[in-house]
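Colleague: Make the full structure from the sequences, and use the hints.
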Amino acid sequence: MLRKIRIAVAVAVIAILTFGFIDFAGFIDNPLLQKIQFGPALLSLSIVTLVCLIAATLLLGRLYCSVICPLGIFQDFFNWLSKKFDKKKKYGFKPEKPWLRWGVLAVLIIAWLLGFTFLVGLVEPYSAYGRMADELFRPVYLFGNNLLAAISEKTGSYRFFKVLISLKSISAFVVAVLTLLVIGHLSYHHGRTWCNTICPVGTLLGFFSRFSLLRIRIDKDKCNHCLACQRKCKAYCIDSANQQIDYSRCIDCFDCIDSCRQKAISFGLAPKKSQSQTVDESKRQFLKSSLVIAALAPAAIEAKVTGRKDDRVPMSPPGSKSHKNLLQHCTACHLCVSKCPSHVLKPAGMEYGLGGLMQPVMKFDDGYCNYDCNLCSQVCPAGAIRPLTVEEKHRTQPGRVVFNKDICVVNVNRTSCGACAEHCPVQAIHMVPFEGGLTIPETTPDLCVGCGGCEYICPVKAVHIEGNPVHLEAKAPEQDTNIQTDDFDFGF
Amino acid sequence: MSLFPDKNYTLAHSYITNHCFFTAIIMDRRDFLKTLAAAGALVTVKTSGMMDVMASTVPSGSQAPASDNADLAAVMNGEPADMLEAAMKELGGIGRFIKKGDKIVIKPNIGWDRTPELAGNTNPDLLTALIKMCQDAGAAEIKVFDHTCDNWSRCYDHSGIEAAVKKAGATMVYAHERSSYQQVDIPNAKTLKSAEIHKAIIECDKWINVPVLKNHGGALMTCAMKNHMGIVWDRRAFHSRGLHQCIADVCTYKPAVLHIVDAYRTLATNGPQGRSASDVVLTKALFASADIVAVDTAAGKFFTNINKSIKFEDIEHIPDAQKLGLGTMDLDAINVKRIRL
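Chains as they are written, first to last, in the numbering used here: chain D, 1 to 492; chain A, 1001 to 1341.
It is possible that part of the hints are untrue.
[Unchecked claim] Where chain A lies over chain D, by a calculated footprint (3+ residues, C-beta under 8 Å):
1) 39-49
2) 113-127
3) 154-164
4) 371-381
5) 412-421
[What the hints assert, rightly or not] For lysine to aspartate or glutamate, the following EDC-like pairs were computed, each having C-alpha atoms within a straight-line distance of at most 16 Å:
6) LYS1199/A with GLU1177/A
7) LYS162/D with GLU1177/A
8) LYS154/D with GLU1203/A
[Said to hold, decoys possible] If you only want the chain D side, here are some residues facing chain A, beta carbon under 8 Å, derived:
9) PRO341
10) SER342
11) CYS408
12) VAL409
13) PRO425
14) VAL426
15) GLN427
16) HIS430
17) PRO477
18) PHE490
19) GLY491
Hints in this document: simulated from the structure, not taken from any laboratory. Where a beta carbon is used, it is the ideal one built from N, C-alpha and C, also for glycine.
Modeller: Written as structure tokens, this is what we have:
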């Protein structure tokens, strides 16, 4: 029964979560399940979310890993698939590998402190799944939609519309494919090994689930050591011979409960006699060394931020405040990338340096940032892009316009253009008289909101936006109109 | 990063150049001359065909107007629907321009993510009235679209146009995807010999151009001619190859049977987007004509009367269009009706 409830909830959760990533039509503009993910909550220090998740773990164990974490649910899918093909599939018991779990966690903490947030995002389970959803599942969904739109258009209906399918970033695509292969392989053959060796969220929640109030219990009197539960356990955490369970690895999948013919396994209050909880010496060592490096970290982050190899300063999304803030908080889940209606946000290559690989960067190849849109700032679960109201966004300057008169078509071809000024929502570019009755762009960078409309439309890229490493406030446009509205005539 | 940055422009461009190049080498000289002659004849036929269309709807200045029907109607002081009705009455009714069973396209300006009060786009009430008028005239199908500048779904939504069109029973067509466009030759063009035009325009029997009158940073004023930017896919090519000539060229592809200029609210400054309601003047006017140059002339004079910092003489694309034979700027030579409601 518990198992069936777990499966039903998990299926619903992953369906809603995934839809949040692939939904292009704006059915869900503000996906909520994305906001209760442990990894992003930790990086954004969302105390409420963290306290709730830890409290839930102390109460119920690592249920999070079975019904909230999309990567966990995704692995269960492969696991289920493997059982369809191999009816006799058996697991067993394997001792915990604390040095690996805590070692990975320590490395990640060090990497984060040194500004290599990329590594954290790479293995953070929600973000790893998000990238797969955005880079791999989304195009499939869009393709299906486009097919539907093409068919309906043939019948004269314009109910469905086609959408742009583009490869947003080669690195993010490759990473998503590799994630799929690694996770797929591991979960198909080795159950939840990923969650109990590599996954930093698994390690952290595992630390708390040791003390959980409710847990899987083996009734030692009823148990006849048949090993059925152990064979079913995809977390390899039941030592049936000794009637022991490693609660740091148990993910509350409840598969064992149904497997026991003696009805010796149940989910309930922990026995009064608490198990001895010795903390490994290795764990201590890792935590100590992490703390030492934490003290040295700030300088290293500074070095990372400034150590870019690109002559153009990249633009981080409005609300991200600065490259440094983005670097510290973003796990590259790509929710903002998938939600951006104008295809402006793309996973970064080396724009922010290696540490910021795959974090969102504004690029104006396929569109420009809509003046009145603040979606990315609303959806970010990690606090990397802080929420902005539309009014606040109007005054945020993530980058400034730069005009290169030498290659402007007005100057070079002596032809009229003005496309840049036309696209500027704040008149940071306006046209001023030029030779022979022509007009040529003139910029007022203080007004610029860095939307990139000018850069997108310019036929020769004579205007572009140069990012502000720390975002500035845009000057408010003056509201002046000297139009007499009382007397006018046809004029001809 | 897109896989092929700028692919639209380069592909179209290389297609044209390669095609011509290939044709030139495989032919010997005699064949080439024959082809040239044939092509010339074809162009002539097509040109005269187009001129017939123009002539039938736009009596030239030298001829005395054959009927009482006005060539240009200018209306002020009314609501959009009332002004449209008054203007069409003067022009001889919508039946002069479209016939029963015609497949019609109405092309408003929906370029910007702006609400109707900010006058960045054509007034939705005017479109509602026009759709009703076309339905009453027996139009078999009415499609409405624009290739927007801002994000298309926000434009369609916030302009109020999608809702108005659907409510009126016409079809809102998408124009944000390249597959909605088709490469066509523009035989009478000087620069833009070929362009990707929206299929709705290519396939329709007749289309009606419904621009909104606005200030424009580059062209000083935007109206009926510049509204043609919204029927093509690759606007960047326009800007790099000479904006005004390309607009004039695309106007020759398949001239709209009627141009109805919405000047109910006029964006007088900071166009074509405007920054706030303070850029907008409630002018309550409407101009309608089958002559695109005449209607832009009338609208231009009206506009420069509102925003006196702009001189009508400085709006160069209107005389340019007259030189290309797209219509007349001489409002005294045609039958102009001025109505105040």
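Colleague: So, for every hint listed, does it hold in this structure?
Modeller: Against the structure, the hints:
1. For a cut-off of 8 Å, the count of residues in the stretch 39-49 of chain D with a CB near a CB of chain A stands at 0, and the three-residue condition is violated.
2. For a cut-off of 8 Å, the count of residues in the stretch 113-127 of chain D with a CB near a CB of chain A stands at 0, and the three-residue condition is violated.
3. Coverage of a stretch by a chain is defined here by at least three residues with a beta carbon nearer than 8 Å to that chain's beta carbons; for the stretch 154-164 of chain D and chain A the count is 6, and the condition holds.
4. Here's how the stretch 371-381 of chain D fares: 3 of its residues keep a CB closer than 8 Å to some CB of chain A, so the rule of at least three is met and the hint holds.
5. Restraint check on the stretch 412-421 of chain D versus chain A: 7 residues with Cβ-Cβ distances below 8 Å, three needed, restraint holds.
6. Simply put, LYS1199/A and GLU1177/A have alpha-carbon atoms about 11 Å apart, close enough for the 16 Å limit, and the pair holds.
7. With a CA separation close to 7 Å, the supplied pair LYS162/D and GLU1177/A stays within the 16 Å bound.
8. A distance of roughly 13 Å separates the Cα atoms of LYS154/D and GLU1203/A; the hinted pair therefore holds under the 16 Å criterion.
9. A hinted interface residue such as PRO341/D counts as satisfied when its beta carbon comes closer than 8 Å to some beta carbon of chain A; here the least separation is about 5 Å, so the hint holds.
10. Checking SER342/D against chain A by beta carbon gives a least distance of about 5 Å; that is within 8 Å, so the hint holds.
11. At its closest, the beta carbon of CYS408/D sits 10 Å from a beta carbon of chain A; the interface hint therefore is violated under the 8 Å criterion.
12. The interface hint given for VAL409/D holds, since its Cβ lies 6 Å from the closest Cβ of chain A, which is under the 8 Å cut-off.
13. Taking 8 Å as the C-beta cut-off, the interface hint given for PRO425/D holds, the closest approach to chain A being about 6 Å.
14. Evaluation of the VAL426/D hint against chain A yields a held restraint, the C-beta minimum of about 7 Å falling below 8 Å.
15. For the restraint placing GLN427/D at the interface with chain A, the shortest Cβ-Cβ distance is roughly 6 Å, inside the 8 Å limit, so the hint holds.
16. Interface restraint check for HIS430/D: the shortest CB-CB distance to chain A comes to about 6 Å, inside 8 Å, so the restraint holds.
17. Taking 8 Å as the C-beta cut-off, the interface hint given for PRO477/D holds, the closest approach to chain A being about 5 Å.
18. Using the Cβ-Cβ criterion of 8 Å, the hint placing PHE490/D at the interface with chain A is satisfied: the shortest such distance is roughly 5 Å.
19. Hint status for GLY491/D: holds, given a least beta-carbon distance of 3 Å to chain A, under 8 Å.
Hints 1, 2, 11, counting from the list given before, are not met by this structure.
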